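K.L.:
Spelled out, the chains give:
There are 2 protein chains.
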Amino acid sequence: MEFIIKGGTVLTMGPGGRIRDGAVVIEDDRIVDVGKARELGSKYGRYEAVDARGCVIMPGLVNAHQHISMSLLRGYADDHPLKEWLEKYIWPLEAKMTGRDMYVGSLLTCAESLLGGVTTVNTMYHYQPDWNEAKAIADICMRGVVGHVCFSWRKEEDRRALEALFRDWHGKADGRLRASVDPHAPYTVDPDYLVELRALTDRYNERYGHLGRVVMHIHVAETPDEPDKIREAFGREVKEGVFAYLNELGVLGPDVVAAHCVALTDRDIAIMAEKGVKAVYNPVSNMKLASGISPVVRLLRAKVTVALGTDGPSSNNTADMFETMKFASLLQKVASGDPTALPARQVLEMATIRGAEALSWSDEIGSIEPGKKADIIVVDLKKPHLTPLYDEESHLVYAARSSDVKTVFVNGRPVVENGRLTTMSLEEIMEMAAKAREDLLSRLEG
Amino acid sequence: MEFIIKGGTVLTMGPGGRIRDGAVVIEDDRIVDVGKARELGSKYGRYEAVDARGCVIMPGLVNAHQHISMSLLRGYADDHPLKEWLEKYIWPLEAKMTGRDMYVGSLLTCAESLLGGVTTVNTMYHYQPDWNEAKAIADICMRGVVGHVCFSWRKEEDRRALEALFRDWHGKADGRLRASVDPHAPYTVDPDYLVELRALTDRYNERYGHLGRVVMHIHVAETPDEPDKIREAFGREVKEGVFAYLNELGVLGPDVVAAHCVALTDRDIAIMAEKGVKAVYNPVSNMKLASGISPVVRLLRAKVTVALGTDGPSSNNTADMFETMKFASLLQKVASGDPTALPARQVLEMATIRGAEALSWSDEIGSIEPGKKADIIVVDLKKPHLTPLYDEESHLVYAARSSDVKTVFVNGRPVVENGRLTTMSLEEIMEMAAKAREDLLSRLEG
Numbered sequence: 082m083e084f085i086i087k088g089g090t091v092l093t094m095g096p097g098g099r100i101r102d103g104a105v106v107i108e109d110d111r112i113v114d115v116g117k118a119r120e121l122g123s124k125y126g127r128y129e130a131v132d133a134r135g136c137v138i139m140p141g142l143v144n145a146h147q148h149i150s151m152s153l154l155r156g157y158a159d160d161h162p163l164k165e166w167l168e169k170y171i172w173p174l175e176a177k178m179t180g181r182d183m184y185v186g187s188l189l190t191c192a193e194s195l196l197g198g199v200t201t202v203n204t205m206y207h208y209q210p211d212w213n214e215a216k217a218i219a220d221i222c223m224r225g226v227v228g229h230v231c232f233s234w235r236k237e238e239d240r241r242a243l244e245a246l247f248r249d250w251h252g253k254a255d256g257r258l259r260a261s262v263d264p265h266a267p268y269t270v271d272p273d274y275l276v277e278l279r280a281l282t283d284r285y286n287e288r289y290g291h292l293g294r295v296v297m298h299i300h301v302a303e304t305p306d307e308p309d310k311i312r313e314a315f316g317r318e319v320k321e322g323v324f325a326y327l328n329e330l331g332v333l334g335p336d337v338v339a340a341h342c343v344a345l346t347d348r349d350i351a352i353m354a355e356k357g358v359k360a361v362y363n364p365v366s367n368m369k370l371a372s373g374i375s376p377v378v379r380l381l382r383a384k385v386t387v388a389l390g391t392d393g394p395s396s397n398n399t400a401d402m403f404e405t406m407k408f409a410s411l412l413q414k415v416a417s418g419d420p421t422a423l424p425a426r427q428v429l430e431m432a433t434i435r436g437a438e439a440l441s442w443s444d445e446i447g448s449i450e451p452g453k454k455a456d457i458i459v460v461d462l463k464k465p466h467l468t469p470l471y472d473e474e475s476h477l478v479y480a481a482r483s484s485d486v487k488t489v490f491v492n493g494r495p496v497v498e499n500g501r502l503t504t505m506s507l508e509e510i511m512e513m514a515a516k517a518r519e520d521l522l523s524r525l526e527g
Numbered sequence: 082m083e084f085i086i087k088g089g090t091v092l093t094m095g096p097g098g099r100i101r102d103g104a105v106v107i108e109d110d111r112i113v114d115v116g117k118a119r120e121l122g123s124k125y126g127r128y129e130a131v132d133a134r135g136c137v138i139m140p141g142l143v144n145a146h147q148h149i150s151m152s153l154l155r156g157y158a159d160d161h162p163l164k165e166w167l168e169k170y171i172w173p174l175e176a177k178m179t180g181r182d183m184y185v186g187s188l189l190t191c192a193e194s195l196l197g198g199v200t201t202v203n204t205m206y207h208y209q210p211d212w213n214e215a216k217a218i219a220d221i222c223m224r225g226v227v228g229h230v231c232f233s234w235r236k237e238e239d240r241r242a243l244e245a246l247f248r249d250w251h252g253k254a255d256g257r258l259r260a261s262v263d264p265h266a267p268y269t270v271d272p273d274y275l276v277e278l279r280a281l282t283d284r285y286n287e288r289y290g291h292l293g294r295v296v297m298h299i300h301v302a303e304t305p306d307e308p309d310k311i312r313e314a315f316g317r318e319v320k321e322g323v324f325a326y327l328n329e330l331g332v333l334g335p336d337v338v339a340a341h342c343v344a345l346t347d348r349d350i351a352i353m354a355e356k357g358v359k360a361v362y363n364p365v366s367n368m369k370l371a372s373g374i375s376p377v378v379r380l381l382r383a384k385v386t387v388a389l390g391t392d393g394p395s396s397n398n399t400a401d402m403f404e405t406m407k408f409a410s411l412l413q414k415v416a417s418g419d420p421t422a423l424p425a426r427q428v429l430e431m432a433t434i435r436g437a438e439a440l441s442w443s444d445e446i447g448s449i450e451p452g453k454k455a456d457i458i459v460v461d462l463k464k465p466h467l468t469p470l471y472d473e474e475s476h477l478v479y480a481a482r483s484s485d486v487k488t489v490f491v492n493g494r495p496v497v498e499n500g501r502l503t504t505m506s507l508e509e510i511m512e513m514a515a516k517a518r519e520d521l522l523s524r525l526e527g
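Order-wise, the sequence lines are chains A and B.
When the letters of the first sequence are read in order and numbered with this note's numbering, they come out as residues 82 to 527.
When the letters of the second sequence are read in order and numbered with this note's numbering, they come out as residues 82 to 527.
Derived from the structure by calculation, the hints contain no laboratory data.
Fair warning: this is a prediction, and the values are worked out from it, not measured in the lab.
Take these hints with a grain of salt, some might be off.
You can't tell identical chains apart in this list, so a pair holds if it fits in one copy or across any two.
[Said to hold, decoys possible] Straight line, CA to CA, 27 Å or less: simulated BS3-like cross-link-like pairs of lysine-lysine:
#1 K117 <-> K516
#2 K464 <-> K516
#3 K516 <-> K463
#4 K216 <-> K464
#5 K463 <-> K216
With the hints as constraints, model all of the structure from the sequences given.
P.N.:
Right, here's the structure in full:
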């Protein structure tokens, strides 16, 4: 299909910068032209026109850390202490989740994400015999990196799961899906297994890299007590920081996507910069779980690539990247005492091109450039809270909401039109989720 | 007019608690009955029915600190250092604002507020010969406390303005409007003038209190350098805290609404509790301006009434109280290191009944109780980000958005129906605001 999205301000988030009265041209799954609406309008006069007057046209947002299956747990037992929340509520309920529940939960998160302008998600979850997260992303027409989360206590199962995941999903769904190797965290994966998973990442890259670069996705330094947890679990002393420990094991590299990065030493930051490790900042989850504040300003100063994530629906409780952008900036401002910290432009980069870079996917997504995949969103600025308009970037970060997203393209396909999902019935997904919740609770009681 | 809002979960935020399959009955401007939908449905069968199935029915939100005129400055020169932002950008533009600009800006903020479920606003702004904030609140059918902000450098002007404000607006617009006495801050209002304004508040209370209690609205302890600013301005040493200083002057009491309360000493908190001072917590503004974090958990422990505010549109940049509720809770969680801090229920109270108490208006608003004014909102939970449902309160604080507000009643009148403003044309307000911005910028350049 051929489209011309025109009349709005194009934020390319790459070369070309900001184009007022701009247009973006799509042929099949690719962006083929970007420029002024007047010029492109006549050149591509027969392409299907998408009216973006009064709107921003920008790359789809990249949510770089999620657990999309978990939406069925959203809002279940909030405001409890962490240990009680996990042990008494989340884990028992999670244990009752079926593959079908994961599929429905994933569809729900994907629907919410697409409606809110998120076109790519990086998700990590438990072993799934039938790969429901991947299936949901494929079915609803989103883009994603799907990882199998690995723990020391189930190495055999993990190895089989990774084999199947890469074979069946990496590069599939018209190239919208990629697989990843996801050690859960340094305190749940022993040093030997971390080294093995590093080697596995390299091996999958050799075998499947031609279909898309393989990354390793891991939680690191989410809370300050992580060194203690590593010592308790594996008898290893972590004195200079968790990244320093990972570096000693030789597992770091530019393909490592490290979620959270809250409790970092100066040495950690230096190592992350040296090794090209990608950080994912999850401000809403970090605040809600009282984990701490990631030193993002210092990471950026050290030239570490920082992407943005919402984390899973049970610790956020939304998949709303607009909300996350505002939290991201404001938390750094108040933490640093500097109202100029993490300005709007930088946050928008983190939510788009830096996210793509973090996932080693910036050759195809993260900015509006001819030749890249057509993952594009149109944000309607004709709203009272976005009036008047001085600066689009400021509005997108400090005032816009997910509900201002009007149109979304993924891989050249219009998946949201006038704020409505086109690829599946949103009502049916919500009904399935409500039903799944009831069944889940009755299994818990039964 | 007579209405029955039925089928949703009623959160009364007062006696009665949470009523599933509930209903609220309105006659003219008052709530007359609250209970189960089945019972009330037959009793009030001929009243106009408002369908609230799958929704929450709750009191309208109270935004306890605003500067509603300032929406024309929204997003103008964000991410600059505070001094430069004020001196180079905000103040020069503000100086060019006309009465008409203030009216349009106020309408815009009121429209955004109503659409987002805010029915009452406490607003403070500069002298307005024709009281545009009050006029806008009256015209669009909102409820509000409108204050004239007082400075040492314009006492005569202030005194005349206050006289006119109380005479013309207190208790007007069917009782939807109240006037207040608003000393700007302890560093811009000298000690003698503070004492005078305290006495004026008492005098207006004697004269106009039968139309509604008069409050004194003031910024206090927004930033840690306030004691220095007071010393520099008035040669007064503030050693034990800003509230301790105000207490020495004898200006504190239960009718004092103190915005921000960020930099407090233990003595300040003890005095606030003793004198019954009301605090307004503005988490988004405090974070965006890097002012600091209000010790809300300690205030609540000391039994101080804490309300919630967005602050003005130029330092937030929205009037979104749903967003503010989430920020309010999450900021306290991360600051205290305790994920159970400021749970959802407490935040909802701050946004409703505590706000009403802060404004000395809880005899008429802030909860759904027979006899109170019918300021009621209906929040639609049939959204992907609010699915599935375990707990309405948790969803309202951690996942709901302003755009989920479906229906709003103010003083018994449906001012928002199916997400659309009914009392004025939203499109016209936005057009007027866009035009006003253009004219403002050309006056600045001219």
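K.L.:
All hints, please: hold or fail.
P.N.:
Outcome of the hint check:
1. In this assembly of identical chains, the alpha carbons of K117 and K516 lie at most 27 Å apart only when taken from different copies (25 Å versus 48 Å within one copy).
2. Taking identical chains as interchangeable, the C-alpha atoms of K464 and K516 lie at most 27 Å apart only when they sit on different chains, with a minimum of 15 Å there against 35 Å within one chain.
3. When the C-alpha separation of K516 and K463 is checked against a cutoff of 27 Å, the pair qualifies only between copies, where the shortest distance is 14 Å, while the shortest distance within a copy is 37 Å.
4. Proximity of K216 and K464 under a CA criterion of 27 Å is satisfied inter-copy only: 22 Å between copies versus 35 Å inside one chain copy.
5. In this assembly of identical chains, K463 and K216 lie within 27 Å of each other by CA distance solely across copies; the values are 25 Å between and 36 Å within a copy.
Violated hints: none; the structure is consistent with every hint.
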